[in-house]
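> Put chain B with the ligands on the given structure of chain A with help from the hints.
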Amino acid sequence: MNMQSVVSVEKVVRRFGSGTTEVVAVKDISLEVVPGEVVLIMGPSGSGKTTLLSMLGGLLRPSEGRIQIGEDDLTLMDESQLPNIRLQHIGFIFQDFNLLSALTTLDNVALVAQLTGISRKESRKKAKVLLEQLGLGQRLDFLPHKLSGGEKQRVAIARALVNKPDMILADEPTANLDSHHGRETMRLLREVAKQEKRSVVIVSHDERIKEIADRVLWLEDGEFKDMVEMAVDPVCGMSIDILHAPATADFEGTKYYFCANGCRHEFLAAPNSFLQVDHE
Amino acid sequence: MIRLAWRNLFQNTTQIALGVGGVALALLLMLAIDALLAGSEDDLVAYIEDSGADIFVSQEGVKNMHMASSAITRSDLRLAAQAEGVATVSPILYTTSVVETKEGDVLSYIIGFDPMEPLGGPREIVDGTLEIHNKEIIIDQAVARSQEVALGDVVEIFGEEFTVVGITAGLTNIVNSVSFITLRDFQDLRGDDRNVISYVLVKILPDYSAKSVAAEITARNPDVLALSEAEFSRGERQIIRDMSVEVLNIMNVSGFLIGLAVTALTLYSNTLHKRSEYGVLKAIGAKNIHLYTVVVAQAFISLMIGTVVAIGFILLLGQLLPALVPGVAVTLTASGLLRVFAASLIIGGLSALVPAFQIARLDPAEVFRG
Ligand SMILES: Nc1ncnc2c1ncn2[C@@H]1O[C@H](COP(=O)(O)OP(=O)(O)O)[C@@H](O)[C@H]1O
Ligand SMILES: [Mg+2]
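Chains as they are written, first to last, in this note's numbering: chain A, 1 to 280; chain B, 1001 to 1370.
Same shape as in the complex, but just chain A:
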C-alpha cells in the first residue's frame, strides 16, 4: 500500500449487556485520524478508552456506526477477515509490552512479519533493519527478560511497525516505564510515525505524552468532552482537573495542584525536592 489511508470513526456506539444491566461504554463517537497524525486519548478510568481502542483495532465490533481504514470498512467485514486486517493494517503496542518470552528480539519482530506469508529470511531482514533503526542493533539476540523496560517497548514498537500498518494503536504504552524512558520511547514512536506517515492513536493517563501528541482528546462517559485544564500533582504524578483539585498550594508565586491533602503536606515539607525531579 503506497497511499496512506485515513482512519475514520463514524457515529460509533458500543453497548455491553442488555436491559437493566446495559452499559453504554462508547456513545456516538466520531473521529478522523490523518496519516502521520498522533492522537492522544485521555480520560478517567471506565470512560470507554479501551473499548474504543479495541474497536479501532478490529478486536471488538461496534453496536452501531462505522469504522474505516482507508477503503476497508471493518464493520462490514467477516470475522475471518479481521485477523488479516489487524496483521496488515494495524500495529499494536501494549502496556505490558507483551513480547513472546521464548523468542529473541529479532524473532519477536520477524515472526509477525512472517505471519503475512513472506519468507523467514526476508522477515528477519526486515526486522533487523527496523530494530537497528530503533537503536536495538546490539540487542538482536537477547531474550525479553534480558532487556530493560524501555528496550522492550522499543521492540514492541518495531513489532507494531514491521508490516507497515496504516495505524498504530497503543494502550497505556508508558505505564510500565519510568518517566525518562517513557518520554524517550514515545518520542521515538512519534518520529517513526511521522517519517513513514502512520496514524497513531495512544490511550494514556500519562500527562507527559501530551507533548508528543498532535491532538489530545478527552473521553468521559463514552463521549469526547472539551479538554479540561489539567495539572500534574508534583508529588505523585497524577493528572488533576484544576477546577476540581482536592488540594492546592502556592509556592514562589506558582500554584500547585494535588490529588489529596497528603501529597500537599509532603510537598510543603520540602517543595524543592519535588520540583527538581522533573528538571534533572
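Because the hints were derived from the structure by calculation, they are not lab data. Hints are not guaranteed to be accurate.
What the hints assert, rightly or not - Covered stretches of chain A (chain B as the covering partner; in silico rule of three or more C-beta atoms under 8 Å from a C-beta of chain B):
id, stretch
1, 49–59
2, 80–91
3, 103–113
For glycine and all other residues, C-beta sits at the position ideal for the given N, C-alpha and C.
Just chain B with the ligands now, kept in the frame of chain A:
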C-alpha cells in the same frame, strides 16, 4: 511457527526434561518388552537356525520343538532320504530336561545326535572338542559360567553322569539352554526302542528349494510333517509370541496411556502458561491455524525426542544387559519401532486437541483488558 514451538519447549528445561523423560519412559515400556521377547526369540531358535539343516522332519502335526514331543522312526528317515533333492538326512533325539550340576539345576534342551552324521550336533564350539563319545556332553558357555562348570567336570542328566568335553556359545535363552549328548546315550537313557527318533534334519541338494522338497517329503509319508527351516523356526518363535501376547498388550496399552497422559498434560500446562502470549499473537493477527501449528509442533517435537531417547536407551540396554544377565538378549524389531512411531503419531494428535480448543476459545480482545 515451528521455531516458536521449539523455543517454547526449550524455554523451560525442567518441563522439557519431564515431558521428554515421561514420553521416553512410556515408549520404553512399549519397546522394552518387545525387544526382550524378540531377543529371546532369537535365542530360542538359535539351535534351529544354526543347525545347518534346510528341512526339519517331525511327527505329523508337530510344527516346532519347544514343549513339543515328536516321535518318528528310522523308516520315516529312509523314506525322507528317497525324496528328490535330498542330500543328507540326520536323526536327532530331543527332550527338555534338567542338567544337574554341583551348583544347581539348569533347564535344557537335550539333543542326542549321531557324531557320524553331518547334522544334528553343535556347529561350533568355543572351547574343548566337537568330537563327542559316550558319556560325554557339550554344554553352553552361559551354563558353564553360571554353574562354574569347566571342561572335564561331571554333570548329571536323568541320574546319569556325563563329562563335559565341549563348550558352545549363544545357545542359552531366558527359558532354557541346549546340551548335546550322543544319540546312543540318549537311547540308553530313555531305554527306548533304537528305531525311534524325534526329528530328521535334512540337507538338500543345490538348486532345490527347501519348501518344495519339504512338500515332497510330506507327500510321500502321511506320518510325518516336513517343514523348511524358515517355517520350522517361525513355528518356534510363534510359541513365545503366543505365550507373551498378553504381557505385550498390557505393556503396549499402559505405555500408550502413560505417553498420552504425559504429553497431553505437559502440552496443556504449557499452553495454559502461554495463554496470554497466544492471545497477543491472535490480536496482532495470527490465525488459529498458526497457533495450532505451534502446539502440534510442540507435541511432535517432544514425542520425537522421547522416541529417540527411548530407542537410544534400548540400544544401550542391548549392549549392557547380555553382559550382566546371561541368556538375556535385547533386539529392536521393525514391528516394535513401527508401533512406537504409530503410537507417537496418535498421542501427538490427541494431546494437541485440548490445547487447540483452549486456543480457539481465546478472545483476542482480552489483550487490552490485562
Ligand atoms: N466486556 C465488557 N462487558 C461489560 N462491560 C464492559 C466490557 N468492557 C468494558 N465494559 C464497561 O464499559 C465501560 C468502559 O470500559 P473501558 O473501555 O475499559 O474503559 P477505560 O479503558 O477508559 O477504563 C466500563 O463501565 C466497563 O465496565
Ligand atoms: Mg482501559
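> Please go over all the hints and tell whether each is borne out by the structure.
Each hint tested on the structure:
Counting residues of the stretch 49–59 of chain A whose CB lies closer than 8 Å to any CB of chain B gives 5, which reaches the minimum of 3, so the coverage claim holds. Taking a C-beta to C-beta cut-off of 8 Å, the stretch 80–91 of chain A contributes 7 residues in contact with chain B, enough for the three needed, and the coverage statement holds. Chain B is given as covering the stretch 103–113 of chain A, and this holds because 4 residues of the stretch bring a CB closer than 8 Å to a CB of that chain, at least three being needed.
Figure legend: structure checked against the earlier numbered hints; every hint is met.
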